[in-house]
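Asks: Residues per chain are reported as follows:
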Amino acid sequence: MRDAMPKWADLVLIPLVSLVLAFGLSALVILAIGEDPVAAVRMMVSGALGSTYAWGYTLYYATNFIFTGLAVAVAFQARLFNIGGEGQAMLGGLGVALICLSLPWPHWALALPAAALGAALFGAAWAAVPAWLQATRGSHIVITTIMFNFIAAAVLNYLLVNVMRPIGSMDPATAKFPSGTHLPSLHDLLAPFGIAFSRAAPANITFLIAIAACVLVWLIVWRTRLGYEIRAYGQSEPAAIYAGIRPVRIVMAAMLISGALAGLMAVNNVMGEAERLVLNAVEGAGFIGIAVALMGRSHPFGVFLAALLFGFLYQGGAELALWTDIPRELIVVIQALVILFTGALDNMVRMPLERLFLALRRGRA
Amino acid sequence: MDFATVLQILDSTVRLATPLLLACLAGLFSERAGIFDIGLEGKMLASAFFSAAVAAVTGSVWLGLGAGIAASLVMAAIHGAASISFRGNQLISGVAINFLAAGLTVVIAQTWFSQGGRTPSLIGAARFEPITLPLAETLQPVPILGPIYHELISGHTLPVYLAFALVPVSWWVLYHTRFGLRLRAVGESPEALDTAGVSVVATRYAAVAICGVLCGIAGAYLATALQAGFVKDMTAGRGFIALAALIFAKWRPWQALGATLLFGFLQAIALRYQNIDLGGVVVPVQVMDALPYVLTVVILAGFVGRAIPPRAGGEPYVKER
Chain A
1 MRDAMPKWAD LVLIPLVSLV LAFGLSALVI LAIGEDPVAA VRMMVSGALG STYAWGYTLY
61 YATNFIFTGL AVAVAFQARL FNIGGEGQAM LGGLGVALIC LSLPWPHWAL ALPAAALGAA
121 LFGAAWAAVP AWLQATRGSH IVITTIMFNF IAAAVLNYLL VNVMRPIGSM DPATAKFPSG
181 THLPSLHDLL APFGIAFSRA APANITFLIA IAACVLVWLI VWRTRLGYEI RAYGQSEPAA
241 IYAGIRPVRI VMAAMLISGA LAGLMAVNNV MGEAERLVLN AVEGAGFIGI AVALMGRSHP
301 FGVFLAALLF GFLYQGGAEL ALWTDIPREL IVVIQALVIL FTGALDNMVR MPLERLFLAL
361 RRGRA
Chain B
1001 MDFATVLQIL DSTVRLATPL LLACLAGLFS ERAGIFDIGL EGKMLASAFF SAAVAAVTGS
1061 VWLGLGAGIA ASLVMAAIHG AASISFRGNQ LISGVAINFL AAGLTVVIAQ TWFSQGGRTP
1121 SLIGAARFEP ITLPLAETLQ PVPILGPIYH ELISGHTLPV YLAFALVPVS WWVLYHTRFG
1181 LRLRAVGESP EALDTAGVSV VATRYAAVAI CGVLCGIAGA YLATALQAGF VKDMTAGRGF
1241 IALAALIFAK WRPWQALGAT LLFGFLQAIA LRYQNIDLGG VVVPVQVMDA LPYVLTVVIL
1301 AGFVGRAIPP RAGGEPYVKE R
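Protein sequence lines correspond, in order, to chains A and B. When you number the first sequence by this note's numbering, it's gap-free, plus one each residue, and the end is 365. When you number the second sequence by this note's numbering, it's gap-free, plus one each residue, and the end is 1321.
Hints may contain errors.
[Unchecked claim] Label-pair ranges, simulated between beta-carbon atoms:
hint, chain 1, residue 1, chain 2, residue 2, range
1, A, 353, B, 1181, 35 to 43 Å
2, A, 102, B, 1058, 41 to 49 Å
3, A, 191, B, 1236, 41 to 49 Å
4, A, 38, B, 1059, 49 to 57 Å
5, A, 226, B, 1258, 39 to 47 Å
6, B, 1233, A, 228, 54 to 62 Å
7, B, 1258, A, 279, 42 to 50 Å
8, A, 110, B, 1318, 55 to 63 Å
9, B, 1303, A, 353, 58 to 66 Å
10, A, 325, B, 1063, 21 to 29 Å
11, A, 196, B, 1111, 34 to 42 Å
12, A, 215, B, 1250, 15 to 23 Å
13, B, 1303, A, 191, 50 to 58 Å
Since the hints were made in silico from the structure, they are not lab data. Beta carbons are placed, not taken as given, at the ideal position from N, Cα and C, and that holds for glycine.
Bound conformation, chain B alone (with noise of 0.2 Å):
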């Protein structure tokens, strides 16, 4: 393997690992604050879908993704409402929410655009261009680093950059701001925020709407960014993967970041090699889409590094208690 192909891969690593990583992080911020979300994925499509109608429709990426977000939104509201308001089971209420938008994204693709629940191909500025950095073409002949800044760090979407920036300023929020001490808190123990005199179900629903804003930006570049247009179910599962890394990081910013490169990583390997030799030894391809899933099972049974969610994560919050 030449070093033009290794550079390929780390390129389409990070570029597969960006919806991850942004739907890790909302994962983080929900559950941190004591909302288990498995409706990640089902965020994740709605915000796909309306951001490549609309984008379509307006030949505008900004618009699109706005429309994403505000889709991604609805779809925090009703988890909240279920979760905070009314109490109810948070992991049937993330359920509920992947079937709504794969039900509802193919049934209004199909009212709208009549192409089988797809939108039409995105063109021109209804998509992320990719954004050369300043002095890629002058360094590219630099050798190694030249290459490197040239094909992996420079080229890449908006929203890329985005979601690599965001984890240090998630990591800030959480750990060194009184609001993210605040949600920290009341993942862990609400009674005491309470007590404290915060509000729970105001700080429950701002960590669900963070959610639904990083979900969003995750599906808009889905289907704005990494594809042009939207499919149905096209997130394919990068929820619960998402939902995965959030697990193999142990809720914490910095290791979402590694988590989900490792397992964009995988899906960059299985998306070039369908079989891959390793001397003598073939590793059929579905080990690589197994493996995620595998490594979280492995993590979540405590035998390497064991991982424990937040105390209060998934208990309702009763006062008179």
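Extracted from the complex, chain A is given alone in its bound form (with noise of 0.2 Å):
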């Protein structure tokens, strides 16, 4: 059967209908709650890219989302639902703290990569039990990871309460990290090429390290023996089985790198932001990871794009929360729309779509 669109449609058309729909219905939440969508819109542009402050705040919203939708892409082109970034972010999280503070680190070059491998580790050990039980138990890895989001819960609200606490304090946090750990900020990297970038903003050196991991994603995904059994388990689990690619280990690879993914969050907003690690520190990013993957079409490039997007509306968001009587909330409706549209709803935008560029051919022939 020939397709019945052509590729750009596909991956840039439908996406694009599905993201015009989800604003479109937004712009209707706004005009109902009696605010002026075109008034809002003007403030999120200039409250999210009016300033190097607002680009600072943007791009580091946009550098959690960036690692939590990589995490749900990888393990959607396993055809793997992973609910649970937000669990593995969070544990992602407990490995930057625990790095940070056993040693008193003298530069952060040297702890930013134990902290970015302490990430990864506890991130990916939170994928690998649902994983192993998917793999082997048929446990479905769903259910799996939403549990794992509470388990996960539980235990750093345990740990930050009865054990991380410092002495004498009422906060459930840990300490402060050591200044030997702290994150260049991006005005401390674009100062030496003459570029003011605002001193306040907490986007950091972290943003290239999620750029870097998209390159690295499609590197592995697309380039390697790896990537391509975990592509072949996706698209058909007998024709992989039938090749010789044994399903646990794709399902144990694919969530391995999805986990450690997300975790690598943490060194974003843990190592990067708050420089202590506070009980629900994730705030909703793993979630925001599956808006973004179904946005991106679970392609690394696509999640960037996603990602900066997202980063844009949560910072925007935010800035019509302060000035208007339009609450932060707006933005999860927003999100709740594209993974409704881009996700659920997609054969709502796709057979219209499809319909039309069959007419259109049988027009030309």
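From the two separate chains plus the hints, produce the assembled complex.
Replies: Written out as structure tokens, the structure is:
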């Protein structure tokens, strides 16, 4: 059967139409609560892109979403739905905190690789149990990763309240990390080039690591044997097994990579921004990764663009909440609509477009 | 621990198990028909807000209940359209519904009431009042049984009794009616049902609608009976605990009652005690919080009695194949 649509329509047009639908409905929500959507968009653009300070926040959020988006995307390639990015990122934060607090780090250049390794290992470890249960016992990975999100929250809560809280502190949080773990911000990185970037914004060197992660994921998934096996398994499990691909290995590999990527997010938010581990440090970024991966069609470049978009929405939404009566939760609504249209209602957008393309082709023939 | 304390904990178990039980039965109908539903949480949350909002404005808990069920049904309709008509991914649709409810309830609450995403506190007829069963006062002096009847069985709100009554009703509908047979069949082997000339689409929509109504009652109970008004994210993961209970119960109604009572009991213990001293070993409260999820993973892993979901669950039905 020939594809009904050219490839560009599948990759670009459908996500764009879904996005337009999601934004259209969000505009209606803004109208319904008595605000002006055009003014809201203008305020979001200036609040998220209007200054280097605004860009600093947008890129900071985008960095989080690149990692969690990549995590979901890699699992999607093996047709696994990892809802556990939230829990894996929480555990990644624990890994970062343990490493940053365990040694008197002399310089960030030493602390960063160690902390990144800790974040990735802890994140991967938290994904390992659901992955193993899926691979060997057939326990549905969606349910187990949801359960592991809640278990992670309880574990973190226990550790921060009972174990890692400094003596005399009331806050359920760890001590502040030593100054040797302070990561250079974009301000520090761009200053040598004579580019003035806001000193106060939290975007930091992790943004570059996130870009590197995109390239690395692309290399792994499309340029290695393992990546080929992951995609083959995702396309057709029986065909992959027939070709001698071992499902247990693929499920484990895809989920460990996915968990490690989600865990790496902690380098940005725990080490780069808060510089200590607090309760609920992830703030739902693990779930936004689902929207980012769906929107980005599970491709690293798509994830990068979608993460920038959500970084913009997140920072713009915070500005809206600050200056208007539109609550921050409007972003959650937009996020839900993006997931709904690009994920669950994909066929609703796809079917009429396919019919349109078929009609056009017939008209030409 | 004295008798009165035990009774209090059990009483609180019943109250906390009720929303779990309603949501669990809701998930039971949906998943038995082959529609996975991880959006129980979102449907409950939508209902909790709209029931509290309408009850606060009209002063009538019954109108609130109706609004809650309607809101939950709208969410169920979206889920149904996505997973039945458009053959989309049911899990992704469920995720979307959870976020949609989490976002919309706060946005609308802030617009309508301007109280930081809450509704005003409900008083009087805007809430479900406790019902004192006949002779509860008279029988109270009877040793053991009197207090049990007075404290534990009597004095709950209407949705509590309704939830417990729905267990045998669900069992009867699922296993002893034609509709129940079809509903179970559509979750195991939709092509068989199709061959027999029964509409797969209609049966699945019916199951999703029942799920919506039950989640609606669960949400309304949370906001108008268990608590007095809506607060942001007030479902607090109950939809997921209900999902866990559903797996724990292996998709069967009586076992759902047992599982939700167990998880309700854990919540009641966690609510009452911060840390539990079991003869030298202190169990932190977080263990109670995590236990339902850990138990579910253990059950899912199949080490203690394997949980096997309905065979056609999660698969959209394509007729021409």
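Asks: Next, verify each hint and record whether it holds.
Replies: Here is what the structure says about each hint:
| no. | hint | result |
| --- | --- | --- |
| 1 | A:353 x B:1181: 35 to 43 Å | holds (40 Å) |
| 2 | A:102 x B:1058: 41 to 49 Å | violated (59 Å) |
| 3 | A:191 x B:1236: 41 to 49 Å | holds (45 Å) |
| 4 | A:38 x B:1059: 49 to 57 Å | violated (39 Å) |
| 5 | A:226 x B:1258: 39 to 47 Å | holds (44 Å) |
| 6 | B:1233 x A:228: 54 to 62 Å | violated (42 Å) |
| 7 | B:1258 x A:279: 42 to 50 Å | violated (33 Å) |
| 8 | A:110 x B:1318: 55 to 63 Å | holds (56 Å) |
| 9 | B:1303 x A:353: 58 to 66 Å | violated (47 Å) |
| 10 | A:325 x B:1063: 21 to 29 Å | holds (27 Å) |
| 11 | A:196 x B:1111: 34 to 42 Å | holds (40 Å) |
| 12 | A:215 x B:1250: 15 to 23 Å | violated (46 Å) |
| 13 | B:1303 x A:191: 50 to 58 Å | holds (57 Å) |
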